[in-house]
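Engineer: Residues per chain, in single letters:
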Amino acid sequence: MARQTPLHALHRELGARSVDFGGWDMPVHYGSQIEEHHSVRRAAGMFDVSHMCVIDLHGPGVRAFLRWLLANDIGKLQRPGKALYSCMLDESGGVLDDLIVYLMAEDWFRVVVNAGTRDKDLAWMRACAAGRGAELDIIERSDLAMIAVQGPEARARVADLLDADAADRASALALEPFSACGCGDWFVARTGYTGEDGFEVMLPAAEAEPFWRALAAAGVAPCGLGARDTLRLEAGMNLYGNDMDASTNPLESGLAWTVAFDPPDRDFVGRRALEALRTAGVPMKLVGLVLEERGVLRGHQKVSAAGIGDGEVTSGTWSPSLERSIAFARVPSATGSAVQVEMRGKWLPARVVKLPFLRHGRILIDL
Amino acid sequence: MSQVPVELRYAKTHEWARLLPDGSVEVGITEHAQAALGDLVFVEVPETGRVLAAGEGCAVVESVKAASDVYSPIAGTVIAVNLALAAAPELVNQDCYGRGWMLRLQPASPAALAGLLDAEAYGGQLAATGG
Numbered sequence: 001m002a003r004q005t006p007l008h009a010l011h012r013e014l015g016a017r018s019v020d021f022g023g024w025d026m027p028v029h030y031g032s033q034i035e036e037h038h039s040v041r042r043a044a045g046m047f048d049v050s051h052m053c054v055i056d057l058h059g060p061g062v063r064a065f066l067r068w069l070l071a072n073d074i075g076k077l078q079r080p081g082k083a084l085y086s087c088m089l090d091e092s093g094g095v096l097d098d099l100i101v102y103l104m105a106e107d108w109f110r111v112v113v114n115a116g117t118r119d120k121d122l123a124w125m126r127a128c129a130a131g132r133g134a135e136l137d138i139i140e141r142s143d144l145a146m147i148a149v150q151g152p153e154a155r156a157r158v159a160d161l162l163d164a165d166a167a168d169r170a171s172a173l174a175l176e177p178f179s180a181c182g183c184g185d186w187f188v189a190r191t192g193y194t195g196e197d198g199f200e201v202m203l204p205a206a207e208a209e210p211f212w213r214a215l216a217a218a219g220v221a222p223c224g225l226g227a228r229d230t231l232r233l234e235a236g237m238n239l240y241g242n243d244m245d246a247s248t249n250p251l252e253s254g255l256a257w258t259v260a261f262d263p264p265d266r267d268f269v270g271r272r273a274l275e276a277l278r279t280a281g282v283p284m285k286l287v288g289l290v291l292e293e294r295g296v297l298r299g300h301q302k303v304s305a306a307g308i309g310d311g312e313v314t315s316g317t318w319s320p321s322l323e324r325s326i327a328f329a330r331v332p333s334a335t336g337s338a339v340q341v342e343m344r345g346k347w348l349p350a351r352v353v354k355l356p357f358l359r360h361g362r363i364l365i366d367l
Numbered sequence: 368m369s370q371v372p373v374e375l376r377y378a379k380t381h382e383w384a385r386l387l388p389d390g391s392v393e394v395g396i397t398e399h400a401q402a403a404l405g406d407l408v409f410v411e412v413p414e415t416g417r418v419l420a421a422g423e424g425c426a427v428v429e430s431v432k433a434a435s436d437v438y439s440p441i442a443g444t445v446i447a448v449n450l451a452l453a454a455a456p457e458l459v460n461q462d463c464y465g466r467g468w469m470l471r472l473q474p475a476s477p478a479a480l481a482g483l484l485d486a487e488a489y490g491g492q493l494a495a496t497g498g
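Protein sequence lines, in the order shown, are assigned to chains D and Y.
Position 225 of the first sequence, counting from 1, maps to 225 under the working numbering, and the rest follow consecutively.
Adding 367 to a residue's 1-based position in the second sequence gives its number in the working numbering.
Hints should not be assumed to be uniformly reliable.
The following label-pair restraints were derived from C-beta to C-beta distances [said to hold, decoys possible]:
1. E487/Y / E312/D: 43 to 49 Å
2. T444/Y / P283/D: 31 to 37 Å
3. G182/D / G424/Y: 52 to 58 Å
4. T380/Y / V282/D: 41 to 47 Å
Partner residues aside, some chain D positions facing chain Y, computed with beta carbon under 10 Å [to be verified]:
5. A159
6. L161
7. G295
No lab work stands behind these hints: they were computed from the structure.
Positions of the beta carbon are idealized from the N, C-alpha and C atoms, including for glycine.
Take the sequences, apply the hints, and build the full model.
Structural biologist: What follows is the structure in structure tokens.
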């Protein structure tokens with residue numbers, strides 16, 4: 001039986017077509033995935049992301065523990081509300097998950113992990129904490145729902161509806177990118193997974209439905225996971241399980257920027273393996289592709305770089321904003337600016353481009 | 368419940384067939400099929416003149432989600448294809464029984480439609496599979 005979010009009945013009422021995602025029954029679209037995509041790029045759309053797992057870590061040892069557990073350095077987080085994107089690795093450098101961590105207070109950090117990895121992640125964190133004798137409590141916040149409101153008009157729409165005093169509303173609107181604040185018992189973060197401005201709002205499960213209805217009345221379009229996927233691909237953002245997993249490391253997954261090798265005396269899980277890899281040379285890299293012909297790039301299609309070697313598409317789609325097919329592919333590091341992709345028995349040319357394809361509504365590659 | 372026009376005949380694989388006054392047969396995909404596929408971004412239609420067996424792959428519809436084959440509901444020769452779909456594949460989503468038609472066939476046999484499902488039988492199949 002697939003798990004359901006607190007908004008499940010409402011999605012049904014809105015006519016959502018649903019899909020199993022990481023063991024959860026989630027809306028894939030409410031009519032047209034492409035229209036939902038454009039709503040986010042042009043105005044504002046909302047996503048039920050309550051399937052993602054919010055984990056609070058409390059205790060005096062929490063900062064030291066997370067500096068060792070995560071590949072990015074939460075030492076960079078110095079003020080409450082600041083957020084950091086990181087991978088959580090195993091000892092071989094394989095990616096167990098990607099996550100966002102927020103500094104709530106010096107002895108309280110909040111981590112948001114993927115839906116499909118929640119049970120494994122919790123078990124891993126608890127085992128690691130026990131192994132290090134870290135003094136902390138790890139609490140799964142299944143009492144919270146999460147709604148992502150994204151698009152150029154998203155922040156204004158949310159701020160109008162915050163059931164908080166004027167000061168809280170002002171501090172939400174004043175948030176810098178990648179930071180968060182409390183608004184009563186809600187938690188509002190200026191983060192997202194679409195390449196547009198917006199908020200991710202964590203709130204008590206019972207308050208999710210009235211908030212969603214109020215956003216809809218304010219003109220925010222309900223959007224499913226289908227649009228979320230095309231938006232994140234255009235924005236050059238990885239999806240765990242497609243673009244990286246425990247069998248791949250961040251250096252070959254376009255995530256080297258998230259691994260903090262400095263300061264050199266900070267040990268973290270996977271550090272030794274990644275340093276050895278860096279010294280030896282990383283054989284593969286993750287790149288962006290634009291298909292030069294008609295068709296749609298899809299995950300697992302074969303990629304060939306002539307005279308260099310083979311690779312594979314990790315995520316691919318039709319991009320509604322670029323009106324081209326785009327993809328991420330893992331290819332040999334020496335791959336140049338052109339590859340071929342196998343599609344239904346034919347090899348079609350694709351161009352290798354720098355990610356992202358698009359950010360804040362602006363196309364960043366040559367079409 | 369999907370729309371299933373009574374004047375058409377259907378294949379189990381969710382294609383429809385319409386007998387035209389000149390004896391040719393127009394083919395497309397059903398309301399149920401287009402809804403399951405989601406927004407279409409490409410439709411690849413066959414060359415005119417191609418001879419198709421019943422059940423043979425004759426077109427490919429590609430949505431944001433996935434690529435799917437369209438199977439010819441009857442045996443025949445392709446005499447026309449809907450060229451508008453190259454620029455506007457969304458016609459299949461918007462009007463699958465009308466402007467979203469895909470191809471016209473000259474049937475190999477005048478009784479070709481006899482082997483297909485009528486609207487009631489196809490509707491029954493959808494109901495049985497939760498469509």
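Engineer: Run every hint past the structure and note whether it holds.
Structural biologist: Each hint tested on the structure:
1. E487/Y / E312/D: 43 to 49 Å: At roughly 46 Å between Cβ atoms, E312/D and E487/Y fall inside 43 to 49 Å, so the hint holds.
2. T444/Y / P283/D: 31 to 37 Å: violated, 52 Å
3. G182/D / G424/Y: 52 to 58 Å: holds, 57 Å
4. T380/Y / V282/D: 41 to 47 Å: At 46 Å between Cβs, range holds.
5. A159: With a minimum Cβ separation of about 32 Å from chain Y (threshold 10 Å), the hint on A159/D is violated.
6. L161: Since the shortest Cβ distance to chain Y is 30 Å, the answer is violated.
7. G295: holds, 7 Å
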